[in-house]
Amino acid sequence: MNKKIVCAALAAMMVCSLTACGGDSSSSAADSSSSVAAEPASSAADVTTSAPDATAPADAPASTDAAADAPAGTITYDYVANGMKIVVGEPADEIIANLGTYDKVFEAPSCAYTGTSMYYTYGGLQVVTYPDEHDQTLNRIYEVDLLDGTVATNEGIKVGDSYDDMVAKYGQPTQETTVFAMYKADGKAVEFFFDKDNPDIISEIVYTIIIV
Amino acid sequence: MGKKKVIFAGAAMLVTSGVLLAAAQRLLQPKYMSDVVEGNLIADYYNTGMDHDVLFIGDCECYENFSPVELWEKYGISSTIRGSAQQLIWQSYYLLEDTLRYEKPDVVVFNVLSMKYGEPQSEAYNRMSIEGMRWSKSKIDCINASMTEEESFLSYVFPILRYHSRWSELTSDDFQYFFGAEPNFFSGYYLRADAKPAENVPPGTPLTDYSFSDNCWNYLDKMMSLCAKNDIQLVLIKAPSLYPYWYEEWDGQIREYAEKYHLPYINFLDADIQAQTGIDYNTDTYDAGLHLNVYGAEKLSDWFGQYLVDRYDLEDRSGEAKLAAEWDEITARYDAEIERQLENLRKYGNVKGEAQ
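Residue numbers (my numbering), protein chains in the order written: chain S, 36 to 247; chain X, 3 to 358.
Keep in mind that a hint or two might mislead.
[As the list claims (entries may be wrong)] Pair by pair, the computed Cβ-Cβ distance ranges are:
(1) Lys-224/X to Ala-132/S: 45 to 51 angstroms
(2) Tyr-249/X to Ala-132/S: 29 to 35 angstroms
(3) Gly-206/S to Ser-227/X: 47 to 53 angstroms
(4) Pro-126/S to Tyr-48/X: 38 to 44 angstroms
[As the list claims (entries may be wrong)] Cut-off 30 angstroms, straight-line C-alpha distance, at most; resulting in silico cross-link-like pairs (DSS-like, lysine-lysine):
(5) Lys-139/S to Lys-198/X
(6) Lys-139/S to Lys-354/X
(7) Lys-141/X to Lys-106/X
(8) Lys-139/X to Lys-106/X
(9) Lys-262/X to Lys-231/S
(10) Lys-301/X to Lys-198/X
(11) Lys-231/X to Lys-324/X
(12) Lys-76/X to Lys-198/X
(13) Lys-262/X to Lys-231/X
[As the list claims (entries may be wrong)] To be clear about the criterion: a stretch of chain S counts as covered by chain X if any three or more of its residues have a C-beta under 8 angstroms from a C-beta of chain X, and this derived list gives those stretches:
(14) 128-142
(15) 151-161
(16) 215-226
Hints in this document: simulated from the structure, not taken from any laboratory.
Positions of the beta carbon are idealized from the N, C-alpha and C atoms, including for glycine.
Can you build the whole structure from these sequences, using the hints too?
In structure tokens form, the structure reads like this:
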């Protein structure tokens with residue numbers, strides 16, 4: 036129960052605080068409400084395996100724990116880079132420090148407040164942080180985006196792969212439309228978005244938290 | 003003690019307690035002067051002459067991107083902005099209702115970014131959008147529409163219930179501005195004279211659902227109806243802020259709505275319009291593309307002023323003595339604020355004059 040309360044609070048903070056004028060309310064606009072139940076952050080590590088090194092840019096954090104042969108159903112919902120789990124909703128500063136030098140960064144200061152949402156880009160990997168609503172000096176992970184084919188999910192799927200590739204690794208999506216497929220469990224999700232002109236091809240992958 | 007004396011003593015005690023409580027409440031309420039000045043935007047309206055041809059309503063994309071002083075100086079258009087940080091669409095609607103209690107502008111300009119929020123978001127921003135409103139049915143409705151689960155209506159009636167724990171955080175501002183804030187704004191405009199080029203603006207993360215909520219459409223309908231009922235032209239705009247990302251799917255929904263109801267809709271992010279306004283994101287924004295600085299706001303207002311004059315028969319009112327006197331005062335403060343910020347930039351490297 037306590038976990039649920041903590042997760043609900045995290046979800047509420049995310050909704051509220053990714054910049055005043057609205058950061059990207061990335062996951063489901065349709066789902067936006069209040070509470071969420073999530074697994075403890077530690078659980079995912081046990082089932083993560085390694086991504087092929089070839090998918091990572093030379094100087095960018097790579098998804099090192101994916102399993103090319105991960106059976107469908109053992110999905111990891113925390114992205115792993117350089118052997119480090121990036122857990123959405125958790126404090127961000129240590130993770131960002133350990134990810135090394137970013138290629139570019141964008142600061143989005145909150146309107147009227149001192150907190151700043153940050154977009155760190157490492158090759159094809161983007162990590163977004165947001166200031167905690169109650170402690171603007173505390174940054175949390177908002178989402179992890181895989182933007183191109185140089186980085187893969189923990190299960191080995193990357194931008195440019197097909198819907199069938201995804202299903203082969205992940206199984207049938209929990210939820211899907213013509214433009215996205217989502218796998219979710221325990222309040223966390225991996226979302227696959229498809230190219231508008233070629234809806235069989237993955238155009239972006241997002242690790243996020245589900246707000247129920 | 004006689005019965006009258008008892009009643010008198012009781013009444014005196016009651017009045018004294020009430021006065022002390024009111025004083026404590028006022029002391030504990032945030033003054034929004036040195037920090038988070040945006041908290042005074044909504045109340046600032048009541049200090050204006052309430053004689054405006056054009057009313058802007060919306061979030062920071064309104065109060066940081068349009069310069070009413072420029073509209074006055076160049077076109078003689080008297081305008082004001084009723085905007086606050088993360089102002090949600092129902093808050094904009096009720097602020098429109100509130101404004102119509104005092105005046106009837108010819109044109110209402112609504113920035114559509116807040117269509118993305120279908121539900122109450124944050125108490126902190128609610129407070130800044132609502133607490134400055136004078137009491138009316140509109141304010142009551144606004145509170146009821148805006149409250150998050152943690153908030154109570156009573157805490158808006160008696161803010162001391164919300165702020166009682168500020169005792170330990172009181173600053174000199176709380177005493178200095180006990181009787182009221184000094185004007186911070188320029189007919190609702192928040193002025194910044196520094197510049198930070200827009201770089202590395204992230205592309206929008208895809209959404210699983212781009213539909214605006216029924217709640218938002220409902221309030222947009224209400225806004226349109228209220229304007230029509232009062233013979234006011236409603237103009238929908240998307241301000242030229244590069245972030246938060248404005249999705250083409252969102253834009254399409256607004257365009258459809260505007261076409262259906264014959265409303266003008268201007269997306270200032272459109273390349274053609276950007277070229278016409280002349281906004282340069284290297285020099286005309288102070289926070290890398292989120293908001294315009296005063297130079298960008300003046301360019302935008304120049305273009306938009308001409309648009310308004312061409313279409314809505316707005317007269318140049320610069321010859322009206324009373325109005326001109328009011329705008330002279332605002333303009334003098336505006337010019338002085340630009341000078342103050344530029345001086346701080348020269349001395350300290352920031353507009354606030356904070357030593358590095």
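Tested hints:
Remark: the range hint 45 to 51 angstroms for Lys-224/X to Ala-132/S is upheld by a beta-carbon distance near 48 angstroms. Distance hint check: the CB atoms of Tyr-249/X and Ala-132/S are about 32 angstroms apart, consistent with the given range 29 to 35 angstroms. For Gly-206/S and Ser-227/X, the hinted distance range of 47 to 53 angstroms is satisfied, since their beta carbons lie about 49 angstroms from each other. Judged by the Cβ atoms, the range 38 to 44 angstroms given for Pro-126/S and Tyr-48/X holds: they are separated by roughly 42 angstroms.
Taking the CA atoms of Lys-139/S and Lys-198/X, the gap is near 16 angstroms; set against the 30 angstroms cutoff, the hint holds. The hinted pair formed by Lys-139/S and Lys-354/X meets the criterion: a straight-line CA distance of about 27 angstroms does not exceed 30 angstroms. Restraint check for Lys-141/X and Lys-106/X: the C-alpha separation of about 18 angstroms stays at or below 30 angstroms, so the hint holds. Between Lys-139/X and Lys-106/X the alpha-carbon distance is near 18 angstroms, which keeps this suggested pair within the 30 angstroms criterion.
Between Lys-262/X and Lys-231/S the alpha-carbon distance is near 26 angstroms, which keeps this suggested pair within the 30 angstroms criterion. Taking the CA atoms of Lys-301/X and Lys-198/X, the gap is near 17 angstroms; set against the 30 angstroms cutoff, the hint holds. Restraint check for Lys-231/X and Lys-324/X: the C-alpha separation of about 29 angstroms stays at or below 30 angstroms, so the hint holds. The straight-line distance between the Cα atoms of Lys-76/X and Lys-198/X is roughly 26 angstroms, inside the 30 angstroms bound, and the hint therefore holds.
Straight-line distance between C-alpha atoms of Lys-262/X and Lys-231/X comes to about 18 angstroms, which keeps the hinted pair within the 30 angstroms bound. Here's how the stretch 128-142 of chain S fares: 4 of its residues keep a CB closer than 8 angstroms to some CB of chain X, so the rule of at least three is met and the hint holds. Coverage of the stretch 151-161 of chain S by chain X holds. Counting CB-CB distances below 8 angstroms, 3 residues qualify, and the rule asks for three or more. Given a C-beta distance limit of less than 8 angstroms, the hint that chain X covers the stretch 215-226 of chain S holds, as 3 residues qualify and 3 suffice.
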